[in-house]
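Participant: Work out the full structure: start from the sequences and follow the hints.
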Amino acid sequence: MSIELTHISKAFGTYQALRDVSLAINDGELVALLGPSGSGKTTLLRIIAGLDTPAVDPRSRIRFYHEDVASRPAAERRVGFVFQHYALFRHMSIFDNVAFGMRVMPRKSRPAKNEIERRVTELLRLVQLDGLGRRFPSQLSGGQRQRAALARALAVEPRVLLLDEPFGALDAKVRQGLRTWLRRLHDEIHVTSILVTHDQEEALEVADRVVVMNQGRIEQIGTPEEVFHKPATQFVMEFLGQVNVFRGRVQGGKAVLAGVPLEGHYFPGKEEGAAMVYMRPHELDIKLYKNGAPSFPAKITRINPAGSVAKVTTRTNDGQDVLVDLSLEDYERLNLTEGTHVHIYPKSSRVFLPEYEI
Amino acid sequence: MAFPRTKNSVLPGFGLTMGYTVLYLSLIVLLPLGALVIKSATLGWAGFWAAAWNTRVVASYKLTFGTSLIAATINAVFGLMVAWTLVRYTLPGKKFIDALIDLPFALPTAVSGIALTAVYAKNGWIGQYLDAIGIKAAFSPLGIVIALTFIGLPFVVRTLQPAIEEIDRESEEAAASLGATRWQTFWRVIFPSVLPALLTGFALSFARALGEYGSVVFISGNMPMKTEIASLLIITKLEQYDYAGATAIATMMLAASFVILFAINAVQWWTARKYRGVA
Numbered sequence: 001m002s003i004e005l006t007h008i009s010k011a012f013g014t015y016q017a018l019r020d021v022s023l024a025i026n027d028g029e030l031v032a033l034l035g036p037s038g039s040g041k042t043t044l045l046r047i048i049a050g051l052d053t054p055a056v057d058p059r060s061r062i063r064f065y066h067e068d069v070a071s072r073p074a075a076e077r078r079v080g081f082v083f084q085h086y087a088l089f090r091h092m093s094i095f096d097n098v099a100f101g102m103r104v105m106p107r108k109s110r111p112a113k114n115e116i117e118r119r120v121t122e123l124l125r126l127v128q129l130d131g132l133g134r135r136f137p138s139q140l141s142g143g144q145r146q147r148a149a150l151a152r153a154l155a156v157e158p159r160v161l162l163l164d165e166p167f168g169a170l171d172a173k174v175r176q177g178l179r180t181w182l183r184r185l186h187d188e189i190h191v192t193s194i195l196v197t198h199d200q201e202e203a204l205e206v207a208d209r210v211v212v213m214n215q216g217r218i219e220q221i222g223t224p225e226e227v228f229h230k231p232a233t234q235f236v237m238e239f240l241g242q243v244n245v246f247r248g249r250v251q252g253g254k255a256v257l258a259g260v261p262l263e264g265h266y267f268p269g270k271e272e273g274a275a276m277v278y279m280r281p282h283e284l285d286i287k288l289y290k291n292g293a294p295s296f297p298a299k300i301t302r303i304n305p306a307g308s309v310a311k312v313t314t315r316t317n318d319g320q321d322v323l324v325d326l327s328l329e330d331y332e333r334l335n336l337t338e339g340t341h342v343h344i345y346p347k348s349s350r351v352f353l354p355e356y357e358i
Numbered sequence: 001m002a003f004p005r006t007k008n009s010v011l012p013g014f015g016l017t018m019g020y021t022v023l024y025l026s027l028i029v030l031l032p033l034g035a036l037v038i039k040s041a042t043l044g045w046a047g048f049w050a051a052a053w054n055t056r057v058v059a060s061y062k063l064t065f066g067t068s069l070i071a072a073t074i075n076a077v078f079g080l081m082v083a084w085t086l087v088r089y090t091l092p093g094k095k096f097i098d099a100l101i102d103l104p105f106a107l108p109t110a111v112s113g114i115a116l117t118a119v120y121a122k123n124g125w126i127g128q129y130l131d132a133i134g135i136k137a138a139f140s141p142l143g144i145v146i147a148l149t150f151i152g153l154p155f156v157v158r159t160l161q162p163a164i165e166e167i168d169r170e171s172e173e174a175a176a177s178l179g180a181t182r183w184q185t186f187w188r189v190i191f192p193s194v195l196p197a198l199l200t201g202f203a204l205s206f207a208r209a210l211g212e213y214g215s216v217v218f219i220s221g222n223m224p225m226k227t228e229i230a231s232l233l234i235i236t237k238l239e240q241y242d243y244a245g246a247t248a249i250a251t252m253m254l255a256a257s258f259v260i261l262f263a264i265n266a267v268q269w270w271t272a273r274k275y276r277g278v279a
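Line by line, the protein sequences are chains A and P.
Just so we're aligned: 211 in my numbering is position 211 of the first sequence, and the numbers increase by one with no gaps anywhere.
Just so we're aligned: 254 in my numbering is position 254 of the second sequence, and the numbers increase by one with no gaps anywhere.
None of these hints come from the bench; they were simulated from the model.
We treat Cβ as the ideally placed atom computed from N, Cα and C, and that holds for glycine.
Any given hint could be a false lead.
As the list claims (entries may be wrong) - Derived Cβ-Cβ restraints for the label pairs, each shown as a range:
(1) P/A256 with A/D171: 51 to 57 Å
(2) A/P354 with P/E165: 47 to 53 Å
(3) A/P73 with P/F191: 17 to 23 Å
(4) P/R182 with A/P354: 49 to 55 Å
(5) P/E166 with A/R72: 28 to 34 Å
(6) A/A169 with P/G34: 52 to 58 Å
(7) A/T180 with P/F78: 48 to 54 Å
(8) P/L33 with A/R125: 54 to 60 Å
(9) A/P73 with P/E165: 23 to 29 Å
(10) A/A169 with P/G13: 34 to 40 Å
(11) A/R72 with P/K94: 28 to 34 Å
(12) P/E166 with A/A169: 14 to 20 Å
(13) P/R182 with A/Q128: 32 to 38 Å
(14) P/K94 with A/P354: 49 to 55 Å
Stated by the list, open to error - Quick partial rundown of chain P residues pointing at chain A, CB under 10 Å, derived from the structure:
(15) R169
(16) E170
(17) L178
(18) A180
(19) T181
(20) Q184
(21) P192
(22) S193
(23) L195
Facilitator: Structure representation (structure tokens):
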């Protein structure tokens with residue numbers, strides 16, 4: 001266990017940013033804190049770094065490798081922090097930026113001049129900026145600046161690397177490239193890392209584990225696969241990827257949607273009540289005719305086949321829009337156009353009951 | 001055209017504005033200064049040197065440049081603190097304090113001079129305590145420094161405020177997370193980024209101090225060789241209808257000021273160069 005947080009809360013004025021959060025992170029792990037803006041993920045990261053202090057609570061602890069660091073200022077925690085807007089020192093060359101952490105060390109632990117030079121050169125090679133050490137931050141592209149900032153953070157050999165929306169200010173293509181690169185880098189150097197992001201795709205692609213946050217609380221902690229396929233709460237279900245939401249019912253212990261019973265959802269002891277039914281677009285199928293299996297009639301309102309699947313928007317008889325992802329082959333075969341009347345077949349679904357969540 | 005880069009500018013009116021700038025500078029700055037030099041030239045070399053480089057005048061040069069330099073340095077240090085406080089902290093009556101900064105700009109210099117003399121004279125509010133420990137504030141070079149510090153402060157504060165506001169707060173946090181102490185963060189991160197503005201403020205404050213007359217004559221006591229500034233010597237010469245002698249001193253002041261300001265600008269340009277990424 002390299003990082004352990006227990007009972008962390010934080011308020012800004014009347015705004016409650018974090019509500020009693022506890023989290024443990026394993027050695028060498030890359031964990032993503034994922035959530036919408038205002039969910040408290042950046043605040044949590046800043047508290048780990050020592051840039052913010054948690055609310056006073058006798059139970060609250062911040063431990064790095066079993067050592068309580070809660071009372072230590074940021075400068076003594078040995079964390080590497082990477083900011084969304086790079087925060088490079090504008091008046092220093094890239095070389096001086098990367099060397100900064102080593103140069104401000106107390107004299108007795110500070111590496112010798114040629115040792116600093118050797119390590120900076122090595123780090124610049126690691127982040128693929130060899131030969132750009134003499135440039136100034138303003139002479140680099142956004143992606144290069146962020147890699148320089150990463151090299152600067154790694155230069156102090158941090159016990160934990162904290163990345164606050166590191167790719168948020170970059171354009172989509174660069175972002176995708178850096179994401180893959182970051183994962184490869186992490187596999188190479190294995191420094192315990194925490195990545196804050198609001199981009200679920202980024203979190204699912206890069207992280208070993210994902211911590212989904214909402215309104216200052218942790219909703220779910222799990223592998224990308226777990227949080228995507230086995231969401232613990234309605235929020236996680238709705239936040240990760242597109243989802244169709246239906247108002248269903250429970251009747252005689254079974255979930256029922258528009259009169260059609262849903263397979264595999266049983267609520268023993270619950271006779272009657274409301275239920276929320278969630279289906280992702282790829283969990284629905286479209287057929288032109290009824291085949292006896294449970295289905296709903298609908299009309300196609302929009303088709304977007306530009307992508308790896310055809311995104312079909314349909315409208316049910318009671319006026320609800322339903323998104324369906326159809327493989328391109330099925331789309332071609334069915335010969336769908338806008339206005340076609342079809343039948344939607346749920347392949348799988350998840351049901352949440354108010355105060356009775358599965 | 002001699003200015004090829006302006007050819008395709010989206011902003012029209014280059015010819016007009018450039019012409020106006022040249023005309024304006026000629027009428028307001030160059031013409032009077034030219035007349036000054038020409039008038040002093042009527043003395044001939046020997047006369048010029050006799051008027052502009054005798055022991056009394058040289059003493060006044062030393063005093064003027066020395067006190068101006070000290071005052072500008074004091075202003076640079078404390079102006080930085082004042083500007084920092086006004087930008088970074090919330091304190092009661094901040095708007096009021098901020099408005100106070102401009103007061104030396106607005107006050108007639110004679111008023112400041114009289115007020116400062118009243119406070120720092122032997123029987124003044126502060127002067128009596130200074131006198132008790134053997135420091136003579138008014139009617140000494142120290143008094144001149146006090147007056148020049150007073151009138152130069154707003155230049156430093158007003159040039160630094162926007163520069164401090166512009167500092168990226170995250171770069172301070174980055175420095176802290178990299179293990180820098182507060183002092184290292186200030187010295188290596190904050191100070192270099194406000195240095196160009198600080199130098200500008202210093203130059204403005206220094207330039208203002210060189211030319212100051214009104215406030216100094218009241219507090220200095222105007223003793224020849226001791227507390228007599230160059231501007232006062234010029235006025236004295238004028239009162240004796242020695243116009244050429246006055247312009248000779250003025251010409252020396254002009255040349256020296258120009259060289260010093262040019263040097264400060266060069267340093268300032270050199271430090272600011274890096275930010276723009278032309279290094």
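Participant: Now look at each hint and say whether the structure bears it out.
Facilitator: Hint check:
At about 54 Å, the CB distance of P/A256 to A/D171 agrees with the hint of 51 to 57 Å. About 50 Å separates the C-beta atoms of A/P354 and P/E165, a value consistent with the hinted range of 47 to 53 Å. Between A/P73 and P/F191 the Cβ separation comes to about 21 Å, which falls inside the hinted range of 17 to 23 Å. For the pair P/R182 and A/P354, the beta carbons lie near 52 Å from each other, so the given range of 49 to 55 Å is met.
Between P/E166 and A/R72 the C-beta distance comes to about 30 Å, which sits within the given range of 28 to 34 Å. The supplied range of 52 to 58 Å is met by A/A169 and P/G34, whose beta-carbon atoms lie about 54 Å from each other. Separated by about 53 Å at the C-beta atoms, A/T180 and P/F78 satisfy the suggested range of 48 to 54 Å. Judged by the Cβ atoms, the range 54 to 60 Å given for P/L33 and A/R125 holds: they are separated by roughly 58 Å.
The beta-carbon spacing between A/P73 and P/E165, approximately 25 Å, falls within the hinted interval of 23 to 29 Å. Between A/A169 and P/G13, the C-beta spacing of about 37 Å keeps the proposed range 34 to 40 Å intact. At about 33 Å, the CB distance of A/R72 to P/K94 agrees with the hint of 28 to 34 Å. Distance hint check for P/E166 and A/A169: the Cβ-Cβ separation is about 18 Å, which falls inside the suggested range of 14 to 20 Å.
A hinted range of 32 to 38 Å for the beta carbons of P/R182 and A/Q128 is consistent with their spacing of about 34 Å. Taking 49 to 55 Å as the suggested C-beta distance range, the pair P/K94 and A/P354 conforms, at roughly 51 Å. Taking 10 Å as the C-beta cut-off, the interface hint given for P/R169 holds, the closest approach to chain A being about 9 Å. Annotation: interface hint on P/E170 holds; nearest CB of chain A at approximately 4 Å, less than 10 Å.
About 4 Å separates the beta-carbon of P/L178 from the nearest beta-carbon of chain A, less than 10 Å, and the hint is met. Taking 10 Å as the C-beta cut-off, the interface hint given for P/A180 holds, the closest approach to chain A being about 4 Å. Restraint check, P/T181 versus chain A: the minimum CB separation of about 6 Å is within 10 Å; hint holds. For P/Q184, the suggested interface contact is upheld, since its CB lies about 5 Å from the closest CB of chain A, less than 10 Å.
For the restraint placing P/P192 at the interface with chain A, the shortest Cβ-Cβ distance is roughly 5 Å, inside the 10 Å limit, so the hint holds. With 10 Å as the threshold, the beta carbon of P/S193 comes within range of chain A, its nearest partner Cβ sitting at about 6 Å, so the hint holds. Of the supplied interface hints, the one on P/L195 holds, with its beta-carbon coming within about 8 Å of a beta-carbon of chain A, less than 10 Å.
In summary, this structure violates none of the numbered hints.
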